[in-house]
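There are 4 protein chains.
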Amino acid sequence: MTLPAPPAGVIPPVCTPLTPDREVDVPSLRRLVDHLLDAAVDALFVLGSTSEVAFLTDRQRRLVTETVVGHVAGRLPVLAGAVDMTTSRVLDHVAAAEAAGADAVVVTAPFYTRTHPAEIARHYRLVAERGALPVIAYDIPVAVHTKLPAGLVLDLAAEGVLAGLKDSSGDLAGFREVVTGARDLPGFGVLTGSELLVDAALALGAHGAVPGLANVDPHGYVRLVRRCRSGDLEGARAEQERLCALFGMVSVGDPARMGGGSAALGAFKTALHLRGVIDCPATAEPQIPLSPEETEGVATFLAGAGLL
Amino acid sequence: MTLPAPPAGVIPPVCTPLTPDREVDVPSLRRLVDHLLDAAVDALFVLGSTSEVAFLTDRQRRLVTETVVGHVAGRLPVLAGAVDMTTSRVLDHVAAAEAAGADAVVVTAPFYTRTHPAEIARHYRLVAERGALPVIAYDIPVAVHTKLPAGLVLDLAAEGVLAGLKDSSGDLAGFREVVTGARDLPGFGVLTGSELLVDAALALGAHGAVPGLANVDPHGYVRLVRRCRSGDLEGARAEQERLCALFGMVSVGDPARMGGGSAALGAFKTALHLRGVIDCPATAEPQIPLSPEETEGVATFLAGAGLL
Amino acid sequence: MTLPAPPAGVIPPVCTPLTPDREVDVPSLRRLVDHLLDAAVDALFVLGSTSEVAFLTDRQRRLVTETVVGHVAGRLPVLAGAVDMTTSRVLDHVAAAEAAGADAVVVTAPFYTRTHPAEIARHYRLVAERGALPVIAYDIPVAVHTKLPAGLVLDLAAEGVLAGLKDSSGDLAGFREVVTGARDLPGFGVLTGSELLVDAALALGAHGAVPGLANVDPHGYVRLVRRCRSGDLEGARAEQERLCALFGMVSVGDPARMGGGSAALGAFKTALHLRGVIDCPATAEPQIPLSPEETEGVATFLAGAGLL
Amino acid sequence: MTLPAPPAGVIPPVCTPLTPDREVDVPSLRRLVDHLLDAAVDALFVLGSTSEVAFLTDRQRRLVTETVVGHVAGRLPVLAGAVDMTTSRVLDHVAAAEAAGADAVVVTAPFYTRTHPAEIARHYRLVAERGALPVIAYDIPVAVHTKLPAGLVLDLAAEGVLAGLKDSSGDLAGFREVVTGARDLPGFGVLTGSELLVDAALALGAHGAVPGLANVDPHGYVRLVRRCRSGDLEGARAEQERLCALFGMVSVGDPARMGGGSAALGAFKTALHLRGVIDCPATAEPQIPLSPEETEGVATFLAGAGLL
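Residue numbers (this note's numbering), protein chains in the order written: chain A, 1 to 308; chain B, 1 to 308; chain C, 1 to 308; chain D, 1 to 308.
The reader is advised that the hints may include incorrect statements.
If you anchor each label on the Cβ, the simulated ranges turn out as follows [what the hints assert, rightly or not]:
(1) G306(C) with R59(B): 53 to 61 Å
(2) G260(A) with A39(D): 40 to 48 Å
(3) P149(C) with D38(B): 57 to 65 Å
(4) G248(D) with A256(A): 15 to 23 Å
(5) A158(C) with A99(D): 42 to 50 Å
(6) G260(A) with D254(C): 33 to 41 Å
(7) K147(B) with D232(C): 16 to 24 Å
(8) R229(A) with G151(C): 27 to 35 Å
(9) G304(D) with G151(C): 26 to 34 Å
Chain A is nowhere near these chain C residues, computed Cβ spacing over 12 Å in every case [as the list claims (entries may be wrong)]:
(10) A8
(11) P27
(12) T57
(13) A95
(14) R237
(15) R257
Because the hints were derived from the structure by calculation, they are not lab data. The beta-carbon is built from N, C-alpha and C at its ideal position, and this holds for glycine as well.
Build out the structure end to end from the sequences listed, making use of the hints.
What follows is the structure, given as structure tokens:
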């Protein structure tokens with residue numbers, strides 16, 4: 001199917017369930033897709049940071065995209081991350097995403113290498129020109145250590161290079177500059193990657209959200225976006241605050257023992273396991289698993305949000 | 001052949017010559033290897049940052065390793081970078097390096113993902129355990145945005161997980177802690193990645209150097225290391241200062257127009273082209289090429305160092 | 001007068017007009033206060049970052065506070081920054097602020113020295129215990145290079161150490177955590193330092209705003225806050241977007257020639273000069289002044305916002 | 001007395017002993033000066049980072065300088081830190097240092113405010129022009145969050161604005177660029193602030209060292225510099241490695257409980273207390289004191305170095 005113009009609504013970045021020996025757990029992945037479809041989300045985003053794209057081999061990446069595209073069977077658009085260090089490597093992933101049937105690719109600035117705005121612009125132009133899929137820019141400075149300048153995103157949008165922006169920068173002021181600047185670019189979708197500011201992002205004009213926590217509670221995010229759109233701002237704020245409280249689960253992992261990624265992804269997968277959606281909460285290596293006490297902590301957050 | 005224990009001496013991180021359409025230029029790569037062998041370097045390191053590893057596809061990476069291993073034909077050890085975001089992806093590169101005949105792999109901390117010392121240690125243990133080649137840790141915070149703690153490196157060295165360290169951190173005090181701490185670990189090699197402090201690193205006990213500028217002037221670095229080892233400290237310092245002046249070429253690229261990586265790699269490849277070693281100075285996309293004036297600037301640096 | 005509990009509304013961080021030879025321009029400062037009072041702002045904040053507190057000598061700081069407190073004459077509360085590196089030095093500024101008649105002090109985390117959450121907490125406890133004025137925490141990582149953790153702010157608020165937070169961190173998600181967590185602490189005021197997200201901050205429950213741009217257009221910010229409070233969200237968004245456009249003036253200074261502080265403070269003071277409020281647009285040394293062309297650029301922004 | 005040209009040798013940054021209620025302990029400070037003079041150091045540096053300059057009030061700063069200048073009584077040059085955010089505030093400290101009899105001032109780049117190389121250069125020019133004392137640049141990015149570019153330092157040295165550089169940046173390659181570039185500026189002194197690389201810094205041409213650990217073991221650093229100068233490189237390296245081991249004391253403080261500054265300054269002062277030089281190991285507020293167990297740890301380091 002074709003990517004809606006603009007991409008909009010709730011687009012969960014789909015977790016990648018793993019078996020205890022760290023292979024892609026295909027049946028669990030299908031059940032997770034069903035869980036998201038049941039909430040009536042608007043599209044799916046595979047191979048993002050929440051999908052542990054940085055940990056999956058190329059073979060596993062292909063398997064994930066094929067599984068989700070096959071299971072969705074055209075009911076929803078499927079966006080696929082094409083996450084790698086620079087242009088040629090990204091283009092290999094774009095080709096794989098296209099072959100697997102994805103409807104768009106999501107692409108970060110170059111990383112590992114030192115970069116420059118002129119190089120970032122050239123990167124996106126080459127990926128859009130040589131790849132066959134619409135390109136959504138993925139602004140994630142915590143991972144790539146560069147912030148996409150708002151002006152650069154708007155220039156590339158106006159040129160037709162970019163079909164949208166997924167902003168995981170945490171910089172809502174810069175996000176607003178893109179939202180405002182893109183108002184006369186009708187096909188361009190501006191999506192927040194924040195779990196915590198979906199109401200605020202939509203209030204200032206964003207088209208949608210890509211929150212990792214939507215794996216755990218997709219119905220909550222769909223409700224939140226509906227309330228925002230219908231003008232029920234008090235209801236939206238209450239729903240958002242419930243989701244903010246639930247998001248506290250990302251801090252149950254002991255920071256003396258693991259990094260923030262292990263803690264957050266471990267919490268999401270543990271929650272999906274506790275909710276009966278996936279078979280095993282394992283995260284990919286070298287991440288550190290949650291302890292039994294930390295797993296209890298996740299359960300407490302689920303109970304507090306009425307999800308257990 | 002087997003990796004010497006410890007790895008030592010001058011080990012250039014071999015540039016990857018490209019054709020104008022950004023394919024690996026195999027004949028130029030062979031000539032570059034000959035140029036390095038002519039200087040009597042001690043080993044070669046392919047697929048490092050100076051080799052533009054972040055820009056090469058998996059196919060190009062294999063071609064580089066096979067070409068260099070084949071051309072060297074056992075005359076020198078060949079180390080290969082296995083540079084990717086996390087454990088499973090790195091292990092795919094380790095398998096490719098082994099298949100192509102490399103003698104060791106050089107591996108960074110995880111990147112893109114947020115990480116933690118416990119995860120870094122687990123990463124190296126898994127790569128060493130599951131891969132078939134000796135592992136050299138690659139400390140390059142400018143690329144991976146984490147510094148390898150000296151204590152962690154020494155612990156992994158004592159466990160037999162690591163065969164050496166290539167330190168591109170710029171932190172000579174931390175480097176000294178590893179050098180001193182590794183004195184009773186006889187097979188462990190401590191190598192500086194600095195172009196500018198080889199004499200200082202060797203004076204405090206390092207085993208060798210992996211300077212990108214050794215592509216341009218391998219004879220200079222071999223002379224420098226010999227003088228350090230023979231106790232000719234005045235001569236060593238003079239040679240080092242000559243090479244420091246030559247290294248100024250990395251700043252000819254206009255920072256308003258390109259990043260530091262484009263400028264440095266562009267200068268090295270331009271110098272190799274001007275010296276007649278490689279056919280084309282192209283760097284991989286999306287890097288920005290040097291202008292004719294900037295190329296002139298590189299020529300001036302070469303002339304100043306007596307290399308043109 | 002006493003600080004309202006909670007502090008709320010529009011609280012401009014008052015610029016410090018200087019003479020051409022960089023003395024405090026007292027008549028211009030009084031006119032600036034009148035300009036702000038005319039717009040019916042809710043309180044004034046002297047000696048903040050926008051006031052060039054980092055550039056003023058202790059003598060000048062005292063003169064500023066005395067001038068503003070004297071001119072305001074009890075019509076509004078006056079908050080004073082007590083900005084210095086650590087506890088004892090801050091306490092000297094608190095004593096000076098009290099002597100000059102300020103109603104509260106605004107205090108950052110320690111800076112210059114490396115710090116730690118336990119030290120930050122101890123710092124605020126000592127300042128509150130030994131100083132005679134209510135303490136508002138000033139979260140400004142761009143200046144002090146530490147982010148105040150939301151949990152720490154809430155703990156200190158619950159203890160009665162802090163009377164409020166001025167958040168210039170740019171992290172609206174962390175700000176929301178404080179807003180939500182402080183709902184049952186009725187005297188505690190949560191204030192955004194952002195020019196660009198006042199509508200969003202108030203929508204999620206903030207009490208007020210401390211925007212530097214309110215020097216230039218106080219009427220605009222007062223209108224914006226009134227619209228937010230009256231539920232006129234479309235009107236609020238339109239006003240906020242007008243102010244966002246006006247804020248573009250902070251980028252007229254050439255980044256090749258000056259830092260972001262010189263550019264932003266230079267633009268605000270130039271705008272105040274062009275609007276006839278202050279006599280001279282000079283910024284303190286070693287800041288770089290705007291050129292005539294850059295001054296023209298500021299005028300264009302004022303004209304675009306209907307202010308010239 | 002006048003500052004030697006160039007300033008050279010061992011120049012300890014003198015700790016500021018405090019009483020239990022955090023007043024300057026003048027008798028202990030005099031004993032510390034005697035302890036340093038006994039080792040035949042070359043000059044003294046008061047009011048540096050190791051002196052807790054960031055924690056001392058202006059009154060305490062004056063008392064420190066007057067006490068040390070008075071006690072030294074012309075036997076050695078006394079350098080004084082003039083550490084504050086920007087030009088006018090620094091000039092107030094320069095005047096105080098001059099009044100108290102210091103022979104030179106040590107000045108950082110502006111901090112708290114965002115800055116730019118052009119502003120840094122202007123800052124040093126104004127301080128040198130308006131102040132009455134020679135100015136030594138203090139490069140300490142960990143405190144001021146800007147690195148002084150080598151080219152800027154050399155330009156200001158050539159202009160006569162700067163009399164020297166104290167480099168606490170940890171970047172020995174950049175330091176080398178200044179050392180090499182300043183060779184034809186005979187009065188300009190290049191000093192390393194590192195405890196761990198004094199031998200390396202002198203080998204590449206530095207004039208001296210300003211190591212905080214020289215408070216604890218001034219005789220060791222004087223011995224080290226003498227061996228470097230006499231060409232006894234093996235002896236120098238052995239002495240340096242002994243001092244590197246002793247420096248491990250800065251890590252006895254628990255990082256879960258305190259910052260790196262509390263730990264390092266606490267260790268130095270505890271060591272001076274255990275060696276009988278000062279009466280009380282207290283550090284200034286809000287720093288966290290070492291526990292009895294951590295104090296034991298410092299004693300173990302002293303014993304290991306033969307100092308207890």
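Evaluation of the provided hints:
no.	hint	result
1	G306(C) with R59(B): 53 to 61 Å	holds, 59 Å
2	G260(A) with A39(D): 40 to 48 Å	holds, 47 Å
3	P149(C) with D38(B): 57 to 65 Å	holds, 58 Å
4	G248(D) with A256(A): 15 to 23 Å	holds, 21 Å
5	A158(C) with A99(D): 42 to 50 Å	holds, 46 Å
6	G260(A) with D254(C): 33 to 41 Å	holds, 38 Å
7	K147(B) with D232(C): 16 to 24 Å	violated, 52 Å
8	R229(A) with G151(C): 27 to 35 Å	holds, 33 Å
9	G304(D) with G151(C): 26 to 34 Å	violated, 40 Å
10	A8	holds, 19 Å
11	P27	holds, 35 Å
12	T57	holds, 33 Å
13	A95	holds, 36 Å
14	R237	violated, 7 Å
15	R257	holds, 19 Å
Of the hints listed earlier, those the structure fails to meet are numbers 7, 9, 14, in rising order.
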